[in-house]
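Keeping their order, the protein sequence lines are chains A and B. Numbering follows our numbering, with no gaps: position 8 of the first sequence is 8. Numbering follows our numbering, with no gaps: position 49 of the second sequence is 49.
Worth flagging that the hints you see were computed from the coordinates, not collected in a lab. These figures come from a predicted structure and were not determined experimentally. Note that beta-carbon positions come from the ideal geometry of N, C-alpha and C, so glycine has one too. Warning: the hint list may mix true and false statements.
To be verified - For each label pair, taking beta carbons as the anchor points, the in silico distance ranges come out as:
no.: 1; chain 1: B; residue 1: I107; chain 2: A; residue 2: E44; range: 22 to 32 Å
no.: 2; chain 1: A; residue 1: G99; chain 2: B; residue 2: I39; range: 24 to 34 Å
no.: 3; chain 1: A; residue 1: S7; chain 2: B; residue 2: P110; range: 43 to 53 Å
no.: 4; chain 1: A; residue 1: R9; chain 2: B; residue 2: K109; range: 36 to 46 Å
no.: 5; chain 1: B; residue 1: K69; chain 2: A; residue 2: G99; range: 23 to 33 Å
no.: 6; chain 1: B; residue 1: N54; chain 2: A; residue 2: L114; range: 25 to 35 Å
no.: 7; chain 1: B; residue 1: I39; chain 2: A; residue 2: L114; range: 25 to 35 Å
Claimed, not checked - Quick list of in silico lysine-lysine cross-link-like pairs, DSSO-like style, CA-CA up to 30 Å:
no.: 8; chain 1: B; residue 1: K52; chain 2: B; residue 2: K105
no.: 9; chain 1: B; residue 1: K69; chain 2: B; residue 2: K52
no.: 10; chain 1: A; residue 1: K62; chain 2: B; residue 2: K3
no.: 11; chain 1: A; residue 1: K62; chain 2: A; residue 2: K16
no.: 12; chain 1: A; residue 1: K11; chain 2: B; residue 2: K3
no.: 13; chain 1: B; residue 1: K3; chain 2: B; residue 2: K52
What the hints assert, rightly or not - Some residues of chain A that are not near chain B, with every Cβ distance over 12 Å (derived):
no.: 14; residue: A2
no.: 15; residue: V4
no.: 16; residue: A20
no.: 17; residue: Q41
no.: 18; residue: G42
no.: 19; residue: E50
no.: 20; residue: P61
no.: 21; residue: D63
no.: 22; residue: F65
no.: 23; residue: P81
no.: 24; residue: S87
no.: 25; residue: E102
no.: 26; residue: Q103
no.: 27; residue: T112
no.: 28; residue: L114
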Amino acid sequence: EAGVVQSPRYKIIEKKQPVAFWCNPISGHNTLYWYLQNLGQGPELLIRYENEEAVDDSQLPKDRFSAERLKGVDSTLKIQPAELGDSAVYLCASSLGPGAYEQFFGPGTRLTVL
Amino acid sequence: DAKTTQPPSMDCAEGRAANLPCNHSTISGNEYVYWYRQIHSQGPQYIIHGLKNNETNEMASLIITEDRKSSTLILPHATLRDTAVYYCIVPIGSNYQLIWGAGTKLIIKP
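With the hints as constraints, model all of the structure from the sequences given.
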């Protein structure tokens with residue numbers, strides 16, 4: 001069974017440029033999460049989807065970040081424009097449902113903003 | 001919401017048991033304790049979870065004290081591949097939201 005797929009694995013951009021990350025969750029997983037992880041810290045939830053609906057986006061900086069999960073399968077997280085402080089690892093995870101005890105994580109996208 | 005406290009780092013010799021402590025003194029009666037780990041350059045990986053009773057699976061054992069204020073994750077025979085950051089988490093809310101601390105960096109030494 002394929003795990004959570006993320007692309008790209010690495011991205012280097014200049015500040016003020018846009019960037020997008022893509023995630024394909026495990027087949028059949030209705031819940032999808034985007035996390036941000038800074039160096040030396042644990043992941044921080046940005047947004048959670050139940051199917052195609054964003055049910056928790058309270059931590060998403062909506063002035064520059066946006067996300068979508070069309071058709072309730074794969075998802076895209078976008079930053080426009082990127083700032084130096086956005087340099088981090090962006091993790092995608094999925095689970096069978098919101099109360100599922102196990103979240104499955106992708107390898108993450110490491111973003112460097114110059 | 002229960003918070004967890006873990007030592008920032010630990011060492012363990014290869015082949016020995018690694019015992020990782022976690023304090024969750026404000027945990028309530030129906031809250032679970034979860035453990036994940038994150039190997040360098042990978043996403044976190046679920047290990048085990050428990051409520052009251054001790055739990056064991058193919059990866060580890062989880063010992064929860066009777067008062068539930070602390071727990072210990074045990075890797076019975078640590079290998080070099082167990083070097084990782086280990087996170088102890090008490091999920092919050094009905095949707096079991098995971099609030100991640102900094103975890104314990106476990107280094108297995110040959």
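Against the structure, the hints:
no. : hint                       : verdict
1   : B:I107 / A:E44: 22 to 32 Å : holds (25 Å)
2   : A:G99 / B:I39: 24 to 34 Å  : holds (26 Å)
3   : A:S7 / B:P110: 43 to 53 Å  : violated (35 Å)
4   : A:R9 / B:K109: 36 to 46 Å  : violated (29 Å)
5   : B:K69 / A:G99: 23 to 33 Å  : holds (24 Å)
6   : B:N54 / A:L114: 25 to 35 Å : violated (50 Å)
7   : B:I39 / A:L114: 25 to 35 Å : holds (28 Å)
8   : B:K52 / B:K105             : holds (26 Å)
9   : B:K69 / B:K52              : holds (11 Å)
10  : A:K62 / B:K3               : holds (28 Å)
11  : A:K62 / A:K16              : holds (16 Å)
12  : A:K11 / B:K3               : violated (34 Å)
13  : B:K3 / B:K52               : holds (17 Å)
14  : A2                         : holds (14 Å)
15  : V4                         : violated (7 Å)
16  : A20                        : holds (19 Å)
17  : Q41                        : violated (6 Å)
18  : G42                        : violated (3 Å)
19  : E50                        : violated (9 Å)
20  : P61                        : holds (18 Å)
21  : D63                        : holds (23 Å)
22  : F65                        : holds (19 Å)
23  : P81                        : holds (27 Å)
24  : S87                        : holds (16 Å)
25  : E102                       : violated (4 Å)
26  : Q103                       : violated (7 Å)
27  : T112                       : holds (14 Å)
28  : L114                       : holds (21 Å)
Of the hints listed earlier, those the structure fails to meet are numbers 3, 4, 6, 12, 15, 17, 18, 19, 25 and 26, in rising order.
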